Amino acid sequence: MQKITIRTRARQELVDITGEIEEVIRKTGFKNGLVNIFTPHTTAAVIVNENYDPSVARDILNTLEKIVPSSGTYTHLEGNAHAHIKSSIIGSSRLIPVQDGKLQLGTWQGVFFCEFDGPRTRQVWISFLKEE
Amino acid sequence: MQKITIRTRARQELVDITGEIEEVIRKTGFKNGLVNIFTPHTTAAVIVNENYDPSVARDILNTLEKIVPSSGTYTHLEGNAHAHIKSSIIGSSRLIPVQDGKLQLGTWQGVFFCEFDGPRTRQVWISFLKEE
Amino acid sequence: MQKITIRTRARQELVDITGEIEEVIRKTGFKNGLVNIFTPHTTAAVIVNENYDPSVARDILNTLEKIVPSSGTYTHLEGNAHAHIKSSIIGSSRLIPVQDGKLQLGTWQGVFFCEFDGPRTRQVWISFLKEE
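Listed in order, the protein sequences are those of chains A, B and C. Going left to right, the first sequence walks through residues 14 to 145 as the numbering used here numbers them. Going left to right, the second sequence walks through residues 14 to 145 as the numbering used here numbers them. Going left to right, the third sequence walks through residues 14 to 145 as the numbering used here numbers them.
Hints are not guaranteed to be accurate.
Since the list gives no way to pick one copy over another, a pair counts as held whenever it fits inside one copy or between any two copies.
Capping the alpha-carbon separation at 20 angstroms, the derived lysine to any residue pairs in SDA-like fashion look like this [unchecked claim]:
1) 16 x 41
2) 143 x 14
3) 79 x 92
4) 16 x 120
5) 16 x 119
6) 143 x 43
7) 79 x 136
8) 16 x 145
9) 44 x 15
10) 16 x 115
11) 115 x 15
12) 79 x 23
13) 44 x 14
14) 115 x 66
15) 40 x 136
16) 16 x 121
17) 40 x 145
18) 115 x 132
19) 44 x 85
20) 44 x 116
21) 143 x 112
22) 40 x 116
Since the hints were derived computationally from the structure, they do not count as laboratory data. Predicted, not measured: the structure shown is a model, and the values here were computed from it.
Full structure from sequences and hints, please.
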């Protein structure tokens, strides 16, 4: 397992980490199988979606904020209940195929780290899975 | 990794692909482990849920449409922002156990390809993972 | 694959199953790789999130209920359409790294079984994946 560190800069933000993951795969020499992109934080998540037009990431964040408002009323008193809920809805990991040392993503797909309670220093853990 | 092609017929639709995946597993001779069902599209997703009563798939689509309306206001200008958001919420893959060459699903579970911006020709990629 | 049985006690409930999963890992002697925590039910799901302050689990359930009300109007006539939809949104499994026989979770992360149509006797299936 490899770990990368991400510094987020806003309260809520989608950070494109596709390049960092590709770099980790290159350095480890991993060729074929799958990588699990996992974040150990309860107010963050991982998404695979379009990273070409930045308006897509903005719309994802804005809509999650409409569905689960940070200003809503919650019983958890730390002010970040919305972030825990967004993290639970999106999920803490994504599993992606790798072939010949390359992430097998669709033309428009990239990997985003989702910060819902930043800015903070965050971790992403990358596991390498064997394919049959 | 094996690839299957799906032709969707509606703007938004859940297509039951359980049979196609079982067929791929049969053809490859894969016996034990897990399969990752991954779609490389940013306006599509994969769900595991009830495929017995078709009203369940309808309710899933209708409710997602209420939560993330296709007629909403978004910054992404291609008219399919809602589809990117639905794809991000549901997720681009599902991981399912296989034993003796059979998908290990619950009695009522099936695998659905979720089309949120069709009709289109789509791909689903099936990876075969080793179990310890 | 190992199976554990869970008895839920409420209509909707998040049950912390972190200890049960750690116990299964200990008994099998599995040391390094990943575990897939999968539920074969169409009205249940698996979440990784904070299990320290119980108010987080309560907020997750309450917010899901606001987004997908159990009292809403659906075409599925069994009265549990909301549970199928919540299950689809959250997802039927989570994939978690294991090192030296221990779940690699963040400080505040635990694993929850999500009951959306209880109380019932439920199953969780744990698969052990090889890492490269």
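Problem - Same-copy or cross-copy closeness of residue 16 to residue 121 [CA-CA at most 20 angstroms] - result: between (25 angstroms within a copy, 18 angstroms between copies)
Practice task
Could you place residue 16 and residue 145 in one of the four classes (within, between, both, neither) given a Cα distance threshold of 20 angstroms?
Solution key: Cα proximity of residue 16 and residue 145: across copies only (15 angstroms, versus 25 angstroms in one copy).
Problem - Homo-oligomer pair classification [residue 85, residue 44; C-alpha up to 20 angstroms] - result: Neither, since 46 angstroms and 42 angstroms both go past 20 angstroms.
Handout entry: Homomeric proximity label, residue 79 with residue 136: Cα distance no greater than 20 angstroms
Key = Close neither inside one copy (26 angstroms) nor across copies (31 angstroms); limit 20 angstroms.
Practice task
Evaluate residue 16 and residue 119 at a C-alpha cut-off of 20 angstroms and name the case that applies: within, between, both or neither.
Solution key: between (24 angstroms within a copy, 13 angstroms between copies)
Exercise for the section: Using 20 angstroms as the alpha carbon limit, work out where residue 40 and residue 116 are close: within a copy, between copies, both or neither. Expected result: within (13 angstroms within a copy, 25 angstroms between copies)
Practice task
Have a look at residue 44 and residue 15 and pick one of within, between, both or neither, based on CA distance no larger than 20 angstroms.
Solution key: both (15 angstroms within a copy, 17 angstroms between copies)
Problem - Identical-chain pair category, residue 143 with residue 112, by Cα at 20 angstroms - result: Classified as both: same-chain Cα gap 11 angstroms, cross-chain 16 angstroms, threshold 20 angstroms.
Practice task
Have a look at residue 115 and residue 66 and pick one of within, between, both or neither, based on CA distance no larger than 20 angstroms.
Solution key: neither (22 angstroms within a copy, 40 angstroms between copies)
Handout entry: Identical-chain pair category, residue 40 with residue 136, by Cα at 20 angstroms
Key = Classified as within: same-chain Cα gap 18 angstroms, cross-chain 30 angstroms, threshold 20 angstroms.
Problem - Same-copy or cross-copy closeness of residue 40 to residue 145 [CA-CA at most 20 angstroms] - result: between (23 angstroms within a copy, 14 angstroms between copies)
Practice task
Since the copies are identical, ignore which copy is meant and state whether residue 16 and residue 115 lie within 20 angstroms (CA to CA) inside a copy, between copies, both or neither.
Solution key: Answer is both; intra-copy 18 angstroms and inter-copy 17 angstroms each pass.
When each numbered hint is compared with the structure, violations occur for hints 7, 14, 18 and 19.
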